[in-house]
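So the sequence lines, in the order shown, correspond to chains A and X. Quick note: the first sequence, position 84, residue 84 per my numbering, numbers continuous. Quick note: the second sequence, position 184, residue 1184 per my numbering, numbers continuous.
No lab work stands behind these hints, which were simulated from the structure alone. There are no misleading hints in this set.
The calculated lysine-lysine pairs, modelled on DSS-like cross-linking and capped at a C-alpha distance of 30 Å, are:
{"hint": "1", "chain 1": "A", "residue 1": "K96", "chain 2": "X", "residue 2": "K1093"}
{"hint": "2", "chain 1": "X", "residue 1": "K1052", "chain 2": "X", "residue 2": "K1070"}
{"hint": "3", "chain 1": "X", "residue 1": "K1014", "chain 2": "A", "residue 2": "K217"}
{"hint": "4", "chain 1": "A", "residue 1": "K217", "chain 2": "X", "residue 2": "K1052"}
{"hint": "5", "chain 1": "X", "residue 1": "K1114", "chain 2": "A", "residue 2": "K17"}
{"hint": "6", "chain 1": "X", "residue 1": "K1018", "chain 2": "X", "residue 2": "K1234"}
{"hint": "7", "chain 1": "A", "residue 1": "K6", "chain 2": "X", "residue 2": "K1045"}
{"hint": "8", "chain 1": "X", "residue 1": "K1026", "chain 2": "X", "residue 2": "K1045"}
{"hint": "9", "chain 1": "X", "residue 1": "K1045", "chain 2": "A", "residue 2": "K20"}
{"hint": "10", "chain 1": "X", "residue 1": "K1181", "chain 2": "X", "residue 2": "K1234"}
{"hint": "11", "chain 1": "A", "residue 1": "K217", "chain 2": "X", "residue 2": "K1093"}
{"hint": "12", "chain 1": "A", "residue 1": "K17", "chain 2": "X", "residue 2": "K1070"}
{"hint": "13", "chain 1": "X", "residue 1": "K1132", "chain 2": "A", "residue 2": "K20"}
{"hint": "14", "chain 1": "A", "residue 1": "K217", "chain 2": "X", "residue 2": "K1045"}
{"hint": "15", "chain 1": "X", "residue 1": "K1114", "chain 2": "X", "residue 2": "K1045"}
{"hint": "16", "chain 1": "A", "residue 1": "K6", "chain 2": "X", "residue 2": "K1014"}
{"hint": "17", "chain 1": "X", "residue 1": "K1188", "chain 2": "X", "residue 2": "K1175"}
With the C-beta cut set under 7 Å, the calculated list includes, among others, these residues of chain X facing chain A:
{"hint": "18", "residue": "I1048"}
{"hint": "19", "residue": "L1050"}
{"hint": "20", "residue": "Q1074"}
{"hint": "21", "residue": "R1077"}
{"hint": "22", "residue": "V1082"}
{"hint": "23", "residue": "F1084"}
{"hint": "24", "residue": "G1086"}
{"hint": "25", "residue": "A1088"}
{"hint": "26", "residue": "F1090"}
{"hint": "27", "residue": "P1102"}
{"hint": "28", "residue": "M1105"}
Each residue gets a CB set at the ideal place from its N, CA and C atoms; glycine is no exception.
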Amino acid sequence: MSVIGKYFIFLGTLFGKGEKLSVYWRRLMEECVGIGVSSIFIVAIVSTFIGAVSCIQTAYNLVSPIIPISTVALIVRDMEILELAPTITCIVLAGKVGSNIASELGTMRITEQIDALEVMGINSSSYLVLPKVVAAMLTFPMLVIFSAFLGILGGYLAGTLTGVITERDYLYGIRDSFVPYNIFFMCVKPFVFGFLIASISSFKGFFTSGGALEVGKASTQAVTNSCISILVADYLLAQLLL
Amino acid sequence: MIEINNISKAFNGKEVLKGISAQFQKGETNLIIGGSGTGKSVLLKCMIGLVKPDQGNVLYNGRDFYHCDKETQQSIRREMGVLFQGGALFDSKTVEENVRFPLDMLTTQSPEEKRERVAFCLQRVGLEQAAKRMPSEISGGMKKRVGIARAIVMNPAYLFCDEPNSGLDPLTSVKIDELIKEITEEYKITTIIITHDMNSVMEIGQNIMFLYQGNKLWEGVNTDITKTDVPELKEFLFSNKLLREMQE
Chain A
1 MSVIGKYFIF
11 LGTLFGKGEK
21 LSVYWRRLME
31 ECVGIGVSSI
41 FIVAIVSTFI
51 GAVSCIQTAY
61 NLVSPIIPIS
71 TVALIVRDME
81 ILELAPTITC
91 IVLAGKVGSN
101 IASELGTMRI
111 TEQIDALEVM
121 GINSSSYLVL
131 PKVVAAMLTF
141 PMLVIFSAFL
151 GILGGYLAGT
161 LTGVITERDY
171 LYGIRDSFVP
181 YNIFFMCVKP
191 FVFGFLIASI
201 SSFKGFFTSG
211 GALEVGKAST
221 QAVTNSCISI
231 LVADYLLAQL
241 LL
Chain X
1001 MIEINNISKA
1011 FNGKEVLKGI
1021 SAQFQKGETN
1031 LIIGGSGTGK
1041 SVLLKCMIGL
1051 VKPDQGNVLY
1061 NGRDFYHCDK
1071 ETQQSIRREM
1081 GVLFQGGALF
1091 DSKTVEENVR
1101 FPLDMLTTQS
1111 PEEKRERVAF
1121 CLQRVGLEQA
1131 AKRMPSEISG
1141 GMKKRVGIAR
1151 AIVMNPAYLF
1161 CDEPNSGLDP
1171 LTSVKIDELI
1181 KEITEEYKIT
1191 TIIITHDMNS
1201 VMEIGQNIMF
1211 LYQGNKLWEG
1221 VNTDITKTDV
1231 PELKEFLFSN
1241 KLLREMQE
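Here chain X stands alone, though its shape is the one from the complex (with noise of 0.2 Å):
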């Protein structure tokens, strides 16, 4: 379980977060939604460690990321995996030195082993085929899925995905979507998804918190989203013309 008590963080004197507060579970998938600049991802880059929040702590498990020596520190990166909005593949290593790297890095196996643990994680998403094709040689979805293998490579207790479902096609979309479900369940992890792509809020969002201009406004599950008070939930739910002709 992951819980963020009262993060706050300020960008040259402007509140991007204004203490959120909430709690995340094993097995399930999390989204934290908003539109742009509402500060979803300055929210995950303070709970993975990339930005120091100005108050406030995440606890992993019970352990504070921010306020515990380096080797706890270390541990909980260890049982992270990220997929970055963009997949974040190295450039110069194919998919299957991309998937292998933090093996390679932080673990002491054998290449054997390693070169097991990268077969299972590329078959688990489908894509064993293009072990040997470079970042460049794929699509936008193909990375990706490469960017969940390599997520999942170092067998994570959490998961955080950043935006998976942008620049997809709505297909490819539905089949990330159904992956990062899928691997959250199968292995219990405690997936947190940032997105504003209504199909996975209402697909896989087990639990939803919504933030607007810094504030967490909204918090519950997918199908009571549609039955919200918030006015500027509903204004968030209801721009798309598809939901808001089945509200009417």
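Chain A extracted, bound-state conformation (with noise of 0.2 Å):
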């Protein structure tokens, strides 16, 4: 419970006394290209499998004469939508930027850089993190959508060159009964997730004490508690908004 009345005060901080806001938008420019621009390839190569997969699996299993085949379209579309696209991204990008915060501050608090930060009297905590919380809240929902795509791309491709489906029935399927509000919810998601990623990796890296081994612990426990608590909310989420 002290944990998590810690990590909540180390929230109150990122709103403390800030700096100049040119300082806050230059930092938040650089955290954009650090944890969206440079997580674009893990997502396009993870999704594009992901879909793929998807499709033949999919096929494979609706063996039923009474089932047209374009259902197979229309679940892998669902299915990126709804939780592969926003939450395996996510856990995808937990592992990724999350113990990427947690070493660099945790490497920044060791080397004391961060207190020599706050010797120059800058609010340590809003100089570094909250470039970091804003930018994942900003990029991943970006991420998602460019899963999404690739995700029914990967099984438009794996589909029709394999022949378990036809691209008509395909084109068909993935446009059959959409719902938009499904899109909403795949937005919504991503921009919680990264919200808990970025602030809790950010929590265990900035109280990191001791060397090199509290540091890759650090970054470890970011990870775990990352994907726990994106699980955690995927269910909330999924319970409060459909």
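Build the complex from these two chains, which are given one at a time in their own frames, with help from the hints.
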């Protein structure tokens, strides 16, 4: 409980005495590149293959002659939009971005770089962490939209190239019974997950003490705690919004 | 001038500092010496506001750092320059950006003024050629010099150095000591150095304080230190073979 209390106090310090807006803008742009742009490649690879595998496996299981084959595409689309793109992508990002944030801040802590900021009278948590949290909340939804597109594209490529579904059936399936609200739901999830991943990982890294071993531990804990929080938040959001 | 009064600090019930009081004069290199784990770094952290003492106060030209309003505390902080043990340079910034950082964050100077000030500070520590290099591309001694340049870029009234010679070869250590002493005298800064380097003690220690198990056991100048009667200080000083032979 004391850790949770410390986490909320830490979140409060992010909005304490801040620096010049131009400083935050520059930091935000740096973090958007570091967190968002540098994650495009891994998101693209993971999403395309998950979409492809979803298509093949769904087709493999749908053997009933009364279910039209275009249902495969419909299932791939809904799986991608509702769960795979937002949740799996964010779990992958928790591994990549979360460990990066925790190890960066942990190293800054043990090499006295954070102390140097504090001695200068700079609000170190606000200067270092707030841009990361905002950048994650801004870029994660974009990455998830990109992921959903690539997942559905991956399903299309795998399905049509292997012959399990025709191009016409796939295109019909992904447009069939489409619910636009699901897109909104898909975008809310990474917004929340981005906040959780960036803030939990920053919290773990920011309060690291010791040496290289502790930085490694903080990094591992950041990923583990972020993944757990994603799964809990995923359930709560599904319960609240669907 | 910096004055500390009755500073005490304990961690998990273990007393690390026990009522330390002292005065550090302007334009002098004030050394705090002692073995490992005697509370030197904790005392320094209490003085610069990284660790709040359980008791006592720290006065900067009469302004009580822990019992003043936020604005006064902030203005005292801006008069401080700190050289950390490992340099504490920001890894993602070049040498030049590291030195310019306090100016970017805390002043409204024009880019031209900042460029001039950074160039002056880097030239002062002899690193004008390394301006575009990253901290990972420079040696330990150069990192310390960049740390000094960053510490003096805001024209500090107080300079704190935490073990400026640690991990350096004897020749580089002497150069760093000389640089700190020159800067102290040139800009009339109140400098406080934490060290257990005996060469620094003998060369630049104008005012020396010896800590032992959280207590101040001795205070004086470097010319008197070898004549001390304090057994703990004698043991600390003459653990160095060269000094022991000189004494004998």
